[in-house]
Amino acid sequence: AQSVTQLDSHVSVSEGTPVLLRCNYSSSYSPSLFWYVQHPNKGLQLLLKYTSAATLVKGINGFEAEFKKSETSFHLTKPSAHMSDAAEYFCVVSRFSGGYNKLIFGAGTRLAVHP
Amino acid sequence: DTGVSQDPRHKITKRGQNVTFRCDPISEHNRLYWYRQTLGQGPEFLTYFQNEAQLEKSRLLSDRFSAERPKGSFSTLEIQRTEQGDSAMYLCASSLGIPTTNEKLFFGSGTQLSVL
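These protein sequence lines map, in sequence, to chains A and B.
The first sequence begins at 1 in our numbering and counts up one residue at a time.
The second sequence begins at 1 in our numbering and counts up one residue at a time.
None of these hints come from the bench; they were simulated from the model.
Backbone N, C-alpha and C define an ideal beta-carbon position, used for all residues, glycine too.
Just so you know, not all the hints are guaranteed correct.
Among the chain B residues that face chain A by a calculated CB cut under 8 Å, a handful are [unchecked claim]:
no. : residue
1   : V4
2   : P8
3   : L39
4   : Y48
5   : F65
Here are the simulated EDC-like cross-link-like pairs (lysine to aspartate or glutamate), alpha carbons at most 16 Å apart as the crow flies [what the hints assert, rightly or not]:
no. : chain 1 : residue 1 : chain 2 : residue 2
6   : B       : K71       : B       : D24
7   : A       : K42       : A       : D85
8   : A       : K49       : B       : E103
9   : B       : K14       : B       : E103
10  : B       : K57       : B       : D24
11  : A       : K102      : B       : E103
12  : B       : K71       : B       : E28
13  : B       : K57       : B       : E44
14  : A       : K102      : B       : D86
15  : A       : K102      : B       : E78
16  : B       : K104      : B       : E28
17  : B       : K11       : B       : E103
18  : A       : K42       : B       : E56
19  : B       : K11       : B       : E56
20  : A       : K102      : A       : D85
Between beta-carbon pairs, the in silico distance windows are [said to hold, decoys possible]:
no. : chain 1 : residue 1 : chain 2 : residue 2 : range
21  : A       : S70       : B       : P70       : 42 to 50 Å
22  : B       : T2        : A       : S12       : 22 to 30 Å
23  : A       : H39       : B       : K104      : 16 to 24 Å
24  : B       : K14       : A       : H39       : 45 to 53 Å
25  : B       : R15       : A       : K69       : 20 to 28 Å
26  : B       : R81       : A       : T17       : 18 to 26 Å
27  : B       : T2        : A       : A53       : 24 to 32 Å
28  : B       : K104      : A       : P79       : 23 to 31 Å
29  : A       : S26       : B       : G85       : 23 to 31 Å
30  : A       : H39       : B       : I26       : 42 to 50 Å
31  : A       : S26       : B       : S73       : 16 to 24 Å
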């Protein structure tokens, strides 16, 4: 069975400092992994996805994530946080079965960015 | 705005009442999903439509829940005899094309349900 564990429920950083949001996954086969962001009163937005191509995946707004099979991790990083990055971030694994993708979300990490 | 639209944005109801939510997917998107997100948790899959056919239902979808997608366009999610445990954000997502592991879902802003 597929699952994801987000290791931090809250992360707080200062503007301009690096961001690290941690995610470990469990999958019985090569997974498809995603990071989604949810801003207040807005829909979930796809940041980036990994689908067994390059292990370092670049997404929107300067975010990137590295797939590490040996560590079963898919951590999200950004070199320099911006105030607009404050939001809820979800690590997601996809289970493709029966002709559709079922997204399995982690519990989320709330990112706070301080001036 | 040509994204996924959900209505209403907020719904407050008394326990035991029926509620219905609407989702308008992106035009021509043939697949539509419903997810539920409770406070402090990530969204959980509820059900999936391919055009007008409901192809999968989660065990989370009790008999009090029913979803439809007439004509393969908009979708409705109805909850009968609401309970306080139904309080959550109900999210709709749509996608286009042949489902693969690269499928990209577009999410709406959700309907926040509060059952008093």
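Evaluated hints:
A least Cβ separation of about 7 Å between V4 of chain B and chain A falls short of the 8 Å threshold, and the interface hint therefore holds. Of the supplied interface hints, the one on P8 of chain B is violated, with its beta-carbon coming no nearer than about 13 Å to a beta-carbon of chain A, more than 8 Å. The beta carbon of L39 of chain B is not positioned within 8 Å of any beta carbon in chain A (closest approach about 11 Å), and the interface hint is therefore violated. A distance limit of 8 Å between C-beta atoms decides the matter here; for Y48 of chain B the minimum to chain A is near 5 Å, and the interface restraint holds.
Checking F65 of chain B against chain A by beta carbon gives a least distance of about 17 Å; that is not within 8 Å, so the hint is violated. Taken as a hint, the K71 of chain B and D24 of chain B pair is honoured in the structure, with Cα atoms around 12 Å apart against an allowance of 16 Å. For the hint linking K42 of chain A to D85 of chain A, the alpha-carbon distance of about 14 Å falls within 16 Å, and the restraint holds. Straight-line distance between C-alpha atoms of K49 of chain A and E103 of chain B comes to about 10 Å, which keeps the hinted pair within the 16 Å bound.
Our distance criterion of 16 Å between C-alpha atoms is broken by K14 of chain B and E103 of chain B, whose separation comes to about 38 Å. Taking the CA atoms of K57 of chain B and D24 of chain B, the gap is about 19 Å. The hint is violated against a cut of 16 Å. For a cut-off of 16 Å, the pair hint linking K102 of chain A to E103 of chain B stands: about 10 Å separates their Cα positions. Only pairs whose Cα atoms come within 16 Å are accepted, and K71 of chain B paired with E28 of chain B is accepted, the gap being roughly 12 Å.
Taken as a hint, the K57 of chain B and E44 of chain B pair is honoured in the structure, with Cα atoms around 12 Å apart against an allowance of 16 Å. A distance of roughly 21 Å separates the Cα atoms of K102 of chain A and D86 of chain B; the hinted pair therefore is violated under the 16 Å criterion. Among the hinted pairs, K102 of chain A with E78 of chain B is inconsistent with the structure: their alpha-carbon atoms are about 21 Å apart, more than 16 Å. Straight-line distance between C-alpha atoms of K104 of chain B and E28 of chain B comes to about 14 Å, which keeps the hinted pair within the 16 Å bound.
Between K11 of chain B and E103 of chain B the alpha-carbon distance is near 31 Å, which puts this suggested pair outside the 16 Å criterion. In summary, the hint linking K42 of chain A to E56 of chain B is not supported, as the alpha carbons are separated by about 26 Å, beyond the 16 Å threshold. For the proposed pair K11 of chain B and E56 of chain B, the alpha carbon gap of about 26 Å is over 16 Å, so the pair is violated. In summary, the hint linking K102 of chain A to D85 of chain A is not supported, as the alpha carbons are separated by about 27 Å, beyond the 16 Å threshold.
About 49 Å separates the C-beta atoms of S70 of chain A and P70 of chain B, a value consistent with the hinted range of 42 to 50 Å. Between T2 of chain B and S12 of chain A the beta carbon distance is about 36 Å. The supplied range of 22 to 30 Å is therefore violated. The hinted window of 16 to 24 Å between H39 of chain A and K104 of chain B holds, with their beta carbons roughly 18 Å apart. In this structure, K14 of chain B and H39 of chain A break the distance hint of 45 to 53 Å, their C-beta atoms being roughly 31 Å apart.
Separation of R15 of chain B from K69 of chain A is about 48 Å and departs from the stated range, judged on CB atoms against 20 to 28 Å. The hint said 18 to 26 Å for the Cβ distance between R81 of chain B and T17 of chain A, and at roughly 50 Å that hint is violated. Against the hinted window of 24 to 32 Å, the Cβ-Cβ separation of T2 of chain B and A53 of chain A comes to about 29 Å, which satisfies the hint. For the pair K104 of chain B and P79 of chain A, the beta carbons lie near 26 Å from each other, so the given range of 23 to 31 Å is met.
For the hinted restraint 23 to 31 Å between S26 of chain A and G85 of chain B, the CB-CB distance of approximately 27 Å keeps it satisfied. For the hinted restraint 42 to 50 Å between H39 of chain A and I26 of chain B, the CB-CB distance of approximately 19 Å leaves it violated. Against the hinted window of 16 to 24 Å, the Cβ-Cβ separation of S26 of chain A and S73 of chain B comes to about 37 Å, which falls outside the hint.
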